[in-house]
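Fit chain B to the known structure of chain A by using the hints.
As they're listed, the protein sequences go chains A and B. For the first sequence, the working numbering begins at 259 and goes up steadily by one. For the second sequence, the working numbering begins at 105 and goes up steadily by one.
FYI, nobody ran anything at the bench for these hints, they're computed from the structure. Be careful, since some hints might not be right.
FRET-style restraints, in silico, Cβ to Cβ [what the hints assert, rightly or not]: (1) A/Ser509 - B/Leu425: 46 to 54 Å; (2) A/Ser563 - B/Lys344: 37 to 45 Å; (3) A/Leu351 - B/Gly115: 42 to 50 Å; (4) B/Tyr365 - A/Asp511: 53 to 61 Å; (5) A/Gly263 - B/Ala340: 56 to 64 Å; (6) A/Gly350 - B/Gly190: 34 to 42 Å; (7) B/Gln223 - A/Ala405: 24 to 32 Å; (8) B/Arg229 - A/Asn417: 51 to 59 Å; (9) A/Gly369 - B/Gly190: 26 to 34 Å.
Virtual Cβ for every residue (Gly too), placed ideally from N, Cα, C.
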Amino acid sequence: MESSGAAISLGPILFNWQPEAWRDFYFRIADQAPVDTVYVGEVVCSKRSVLFEPYFEEVAERLKAAGKTVVYSTLSEVMLKLDRQVVDSVCGLQDSLIEANDGSSLAHLSGKPHHVGPFVNAYNEGTISFLARKGARNFCLPAELPATAIRVLCERAANVGATIEVQAFGRISLALSARCYHARAHGRTKDSCQFVCENDPDGMELRTLDNRPFLAVNGIQTLSFEYLNLINELDDLRAMGVSRFRLSPHSCDMVAVASIFRSVLDRRIALAEGLEQLKALNLGAPFSNGFYHGVPGHQWVAAGSTQRTPAKASTKTLELR
Amino acid sequence: MNTENEANDGGYVRPELVCPAGTPAGLRTAVDAGADAVYCGFRNATNARNFPGLNFSVNELTDAIAYAHERNAKVLLAVNTFPPAGRFELWREAIDTAARLGVDAVIVADMGVADYAAQTHPQLRLHLSVQAGASSPEAIRFYCKEFGIKRVVLPRMLTVEEIAGIHGQIDCEVEAFIFGNIGMMAEGRCSLTNYATGISTNMDGVCSPAESVRYEEDAERNLNIKLDRFTIDRFAPGEKAGYPTICKGRYLCGVREQQGYYAFEEPVSLNLSALLPKLMRAGVTAFKIEGRQRSRAYVKAAVSAFRKAVDDILDGRDPGLTSLLALTEGSKETEGAFRSKLWR
Chain A
259 MESSGAAISL GPILFNWQPE AWRDFYFRIA DQAPVDTVYV GEVVCSKRSV LFEPYFEEVA
319 ERLKAAGKTV VYSTLSEVML KLDRQVVDSV CGLQDSLIEA NDGSSLAHLS GKPHHVGPFV
379 NAYNEGTISF LARKGARNFC LPAELPATAI RVLCERAANV GATIEVQAFG RISLALSARC
439 YHARAHGRTK DSCQFVCEND PDGMELRTLD NRPFLAVNGI QTLSFEYLNL INELDDLRAM
499 GVSRFRLSPH SCDMVAVASI FRSVLDRRIA LAEGLEQLKA LNLGAPFSNG FYHGVPGHQW
559 VAAGSTQRTP AKASTKTLEL R
Chain B
105 MNTENEANDG GYVRPELVCP AGTPAGLRTA VDAGADAVYC GFRNATNARN FPGLNFSVNE
165 LTDAIAYAHE RNAKVLLAVN TFPPAGRFEL WREAIDTAAR LGVDAVIVAD MGVADYAAQT
225 HPQLRLHLSV QAGASSPEAI RFYCKEFGIK RVVLPRMLTV EEIAGIHGQI DCEVEAFIFG
285 NIGMMAEGRC SLTNYATGIS TNMDGVCSPA ESVRYEEDAE RNLNIKLDRF TIDRFAPGEK
345 AGYPTICKGR YLCGVREQQG YYAFEEPVSL NLSALLPKLM RAGVTAFKIE GRQRSRAYVK
405 AAVSAFRKAV DDILDGRDPG LTSLLALTEG SKETEGAFRS KLWR
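Okay, chain B solo, but in the shape it has when bound:
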């Protein structure tokens, strides 16, 4: 399973394809479709996809680890939220359970959680979650030194050139998101949902909770999409309506009085398929696909397509990515910050 130092003729280090596992069935789907590793979370606030109907019980995770390991795939457990004081026990329990079950790594964000894991379970491999927001070599080296972090998941705000620059200045592995839904705000540093709804992304693991979403038709038959009492977007009859996320809504401001505009970002999703070789040359050794909340069909299609693309690149073939187009059809795509700093 360890492919870290194995470079092929093209000079590429074989990257690990890290895939979403929202449910036990989703995990099996991702493994069968060619995931080198899957990431998942417990069914509570200790992970950043704490949605109803998702995630794993202890027993389910035990079975899932066995299934993945039999097929040479790793299981990474996300314990990547920030426990508020007084509720630390739940996160401690998650770390202890992860160590006991033999997950291949735990993805942590909170310094208290990382410190507990490093002190109590020194053998437990730790990855630094994107939620930790470590966006400079100094910050990443700090986490590596203090907690023995072996891999950092980079924030989605850097260009490929900047990633290469960081990679040259740190001693741990680099993982980057390549596909799926992306928020506009620095990960782990956003309280917008809590401000609007009383549920915290950092502490409860939920962004834009479904129970706070309202769809209301107005007199002109426009569909108003609300998060709690705030209108996040409005769609004319026939226009395709999306899910209300504060950072992808339309608003008014002093210089945009006439028409609502996407103040932060349009409802786009990330697709870096065309940048894979560049990312590999920049030192990224793990590619992450977002989407623990997505269907098994979606996971199967996305994992299969990227499995083939990575293998094609390693074998010196042109990566075939046409099958990905069907997945993102109807929604806009972006290469986000990765292509150019003009995105900022």
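This is chain A alone, in the form it adopts within the complex:
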């Protein structure tokens, strides 16, 4: 499956889907999707973890039987007793590969091989080297890193025996909070939420007061309204040394999304055709790739565009005086 030397991974489901839909989604991925690695586990809200527990083992077995590598993802924000218990139990899984998404899971996994998820701030060479010494073998990079940084991190990762993964599809996680914004919108609190986030399988869209779509709320998480799409950047990323491309699950046809990315990576279809096929999925939101190009993250820079305006931070280049 990795004929082109680039693997496709499926990130953890970020949303509160119905448990049966959650199970069936993974069954279909196991049976039909050309993905190599599947990340499973609740990363947003510890209250949701119990909902999927009954199907956890079944799903993992089905994925493994289909030849997928299963990696268990940990919570991104760990603060409450329940959060800590959930992290404890995931990190305690025997003979399993775990992806750490916060400092507490890094503490648990230190000294044994593990993955580092995009919620850990691995921004630079120093952090990559440090975490590799602690056992990190794969880094899924924070989404806001530009191409210039990704390139350097690929070189460093290769030197310390680790691999680099980048998210290539799906809404981008932009912020976490202690407060649940789904509950807030419905006049509830995190404790009394009644799992109202289940109403929005791709997040609850926020619009500005002049009705422009802006963000998507998913419990304590704030996501982009746009869907990240790095299909045009795949060749560049592969040349840098990125070895895995992460597709973040949505309620659209993810088998189709995976197949399109696989076909483009294997050069079985042209890039332009791949992009057209992704557009035809009618996601209800535009694509973005701005972070990669160092411009506002919501923007879309067309392939071959010469209008890649540099970020305008006048303070960026100020040196010590």
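For chain B alone, kept in the frame of chain A given last:
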């Protein structure tokens, strides 16, 4: 200066009052007003208040340290942003300079920066910035073990009871924000500004950059406040307009179609003055006042008021906090997460 183990009759450990120093003049103001420690940053992306007109050159910091030390106050240097790969040198230089100048501690967030500091300057005292987002005992102990962190600045998401619980499970000192502007998002884990403007809070040290802010009046004479091309809030004529921060703006959503609502938080500022004794009992030994971007008059008033309040509590008097009311007049206040978990 070391007051860590010194408990008075009320059983309180004397807390360190940690105050903002946005400029050399601001630093002198804070020290003169009774700060036990001041925190500041270099004039570049290595700190999380990288605003035009703020911060310190190397020479300015050298003089500031001398001024503070002569008056028995500590200087803490914030090197608390996340260097993107390829630009690490600027942060390394900041750490080396801090060690050379003899700051009392460096406040770090990035693991690469912390690792460099711990390896290269083992004598340099390290505090863990709120930007590191260490919100559990396991995470805090990890940072302490790996980098020799001596104090953690706790995220502003915990109740006082939860702080006490964490304090009992870690070996380092605990610092908490008590006053000033607070964002709603977990610190160090927010890319909203970069998403809207192309400037990163984590990498560039700027949230809601002034150069991206636009004020536009519409046909109904409402004032629309924009960050780059996104309307963050709208104010009717006569309504008091605020600065556009994404997490304190008004938006529409499916269940709030009719009227914009504060999807994340209202434009409030933190004031924990009524909780100081509880925080002290919970094991907080350093109180932090936010506001490196604020005026010297503001800093003087806030530091003086909290100096008096802390001293009153230590001496068994009722803390007089009326002078703080004037500072927050006109803007709403909150005790945030600290009072109750219903805030979440």
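Cβ separation of serine 509 of chain A and leucine 425 of chain B, checked against the hinted range 46 to 54 Å
holds (51 Å)
Given a hinted range of 37 to 45 Å, is it respected by the beta-carbon distance of serine 563 of chain A and lysine 344 of chain B?
holds (42 Å)
Range hint compliance [Cβ, glycine 369 of chain A to glycine 190 of chain B, 26 to 34 Å]
At 29 Å between Cβs, range holds.
If I claimed the Cβ atoms of glycine 350 of chain A and glycine 190 of chain B lie 34 to 42 Å apart, would that claim hold in this structure?
holds (37 Å)
Assuming the hint says 51 to 59 Å, is it satisfied by the Cβ distance from arginine 229 of chain B to asparagine 417 of chain A or not?
violated (31 Å)
Between glutamine 223 of chain B and alanine 405 of chain A, does the C-beta distance stay in 24 to 32 Å?
holds (29 Å)
Can you let me know if the beta-carbon spacing of tyrosine 365 of chain B and aspartate 511 of chain A is within 53 to 61 Å?
violated (34 Å)
Cβ separation of leucine 351 of chain A and glycine 115 of chain B, checked against the hinted range 42 to 50 Å:
holds (44 Å)
Tell me if the beta carbons of glycine 263 of chain A and alanine 340 of chain B are separated by a distance inside 56 to 64 Å.
holds (59 Å)
Against the hints set out earlier in the document, violations occur for numbers 4, 8.
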